[in-house]
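> Sequence:
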Amino acid sequence: MQSENQLEDKLDLSLLIPENSIASPPTTEPAIKSGIPSTASTTSLSNNASSPKFECVQNPSCSLNTQVKSPEKANKEPHLYPLHIKPKKPPPEVIFISPTRALLDYFEFLTEYEHNEISYYDEIYFVGDECEKNKGKFDDEDGYYKTVIGDHLAYRYEVKEFLGCGTFGHVFRCYDYKRHIEVAIKIIRNKILYRTAGDLENKILHELAKADPNDVNCIVKKLRSFEFRNHLCLVFELLSLNLFQFLHKNNFQGASIQLIRRISVQLFMALKTVHNVGIIHCDLKPDNVLLKYENKSSIKVIDFGSACQEGHKVYEYIQSRYYRAPEIVIEAGYDKAIDIWSVGCILYELLTGNPLFPANSEHELFRMYVEVMGMPPMGFVMKGKRKQYYVEVSGKLRKPAQPGIRPIKFLLERFDEKIRDLVDRCIRWAPEDRIDAEEGLQHVWVRGGQKS
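Throughout, the working numbering is defined as the position within the sequence shown, counted from one, plus 112.
One should not assume that every hint holds.
Unchecked claim - With a straight-line Cα cutoff of 20 Å, these simulated PhoX-like cross-link-like pairs (lysine-lysine) come out:
#1 K258 - K247
#2 K245 - K333
#3 K508 - K521
#4 K497 - K508
#5 K333 - K384
#6 K333 - K290
#7 K384 - K334
#8 K303 - K315
#9 K315 - K245
#10 K425 - K448
#11 K245 - K272
#12 K384 - K315
#13 K425 - K497
#14 K448 - K384
#15 K425 - K508
#16 K290 - K272
#17 K448 - K315
#18 K290 - K361
#19 K499 - K511
#20 K333 - K408
#21 K497 - K511
#22 K361 - K303
#23 K258 - K245
#24 K315 - K290
These are calculated hints, taken from the structure and not from any lab test.
Let's have the full structure, built from the sequences with the hints guiding it.
And the structure:
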């Protein structure tokens, strides 16, 4: 089987994604705004005619190897230091100042709270000196951190852009002044329930990283985590657009068969790794599958906020409705097969551009199940704690439906029989009737685009 790195270079998606689509993570950061000197060397800064002129000195009050503006220049120069070139080799010099020096140079830009807080940080990379800081409570009534664009996180990251929100917290695009890269930071809500879930997600991500040390199995890479103002913050690699955004930019016309095959390989690779360490993702959907780069076919599975370890399930009611397995609807218990169900739904959506089960309610969702798969096996139904809401004791449906009027083979009749079979083997009533991740990788259609 080809590796994910081999796959990514084989497909040019430029014809599928408009030129003005969401940009991929840049390799350089133009015009960094910070009250802390940039990481360019003393020589390169002083010889750059287009850059502001200032002196870099070694100051006893600063941390080791710290370069700062000389005191006599500090009040005369603007707080803008262009840095256009960040060579990959050698890595840029890491420059920070001590909290004592930061207080001396940037006291007026810090809040009263920060005057005390900053002393708990040994290395100061960025202070957010050009934004209107939050001077009141840091959290809203729901426990979300009141993030300010342009402000710092832990005196190291600059918040650049809001990326999305969820039940557990907000996600922002940030710039890391220590490593000189853009990252995605998930700020977990400051509530006991969500903090507990965040700690579990952090633990799961750690286990997955150990299972995939070479970062080849298509699982989002967590770079680190830290605590900031009573919030757990998870730092991830910054990826490109998700599959829903990709479909939207393609006017929901579906994707090419070549691309779908490559995505299917990577989805099954990711799930094989996840399931092999006893973890269930619990929320697979197009929004949680991201392209690594805009015009490449490599993907990463993200958002393990709802994930759990088999045998230690946290929630009974999980998954987004369009991608929710029937055992979740009737509360019949669940295992890793719910992720396979979601993969089947995703593949169908990539093929057609439309969701397989676009239901507005649970009853409508159950009716759609029946229309696609026929009547559920009574042995399966009887396991459900909520079976009485959907099926009578006699086995008759409580809500009218036409069993089997929309089978997979009919819905996907214009596609190859092998891809229809793959989707059909994911979309089955009983979890034990679905394929697993390894079987997905070995499926004849999935292997059709690979060399033996």
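> Taking 20 Å as the top limit, are the C-alpha atoms of K425 and K508 close enough?
Given pair K425, K508 is violated - Cα atoms ~31 Å apart, limit 20 Å.
> Taking only the CA atoms, is the gap from K497 to K508 under or equal to 20 Å?
The given pair, whose Cα atoms are some 17 Å apart, holds under the 20 Å limit.
> Quickly compare the C-alpha distance for K361 and K303 to 20 Å and report which way the hint goes.
36 Å, violated
> Under the criterion that the straight-line Cα-Cα distance not exceed 20 Å, is the pair K258, K245 satisfied?
Roughly 10 Å separates the two Cα atoms, so the pair holds.
> Taken at face value, is the distance from the CA of K511 to the CA of K497 at most 20 Å?
With a Cα-Cα distance of about 18 Å, the restraint between K497 and K511 holds, given a limit of 20 Å.
> For the pair supplied as a hint, K315 and K245, confirm whether the alpha-carbon distance does not exceed 20 Å.
Not satisfied, since the Cα-Cα distance of roughly 32 Å exceeds 20 Å.
> Would you check the hint for K448 and K315, treating anything up to 20 Å between C-alpha atoms as holding?
The given pair, whose Cα atoms are some 18 Å apart, holds under the 20 Å limit.
> Decide if the proposed pair is consistent with the structure: K245 and K272, CA atoms, cutoff 20 Å inclusive.
14 Å, holds
> Hey, K425 versus K497, does the alpha-carbon distance stay inside 20 Å?
Since the Cα atoms of K425 and K497 sit roughly 16 Å apart, the hinted pair holds (cutoff 20 Å).
> Has the given pair, K508 with K521, been kept, meaning a C-alpha gap of at most 20 Å?
Distance of about 25 Å is beyond 20 Å: violated.
> Hint check: K333 vs K408, CA-CA at most 20 Å. Holds or violated?
18 Å, holds
> Taken at face value, is the distance from the CA of K333 to the CA of K245 at most 20 Å?
Cα-Cα ~30 Å, so violated.
Hint check: violations occur at hints 2, 3, 9, 15, 18, 22, 24; the rest are consistent with the structure.
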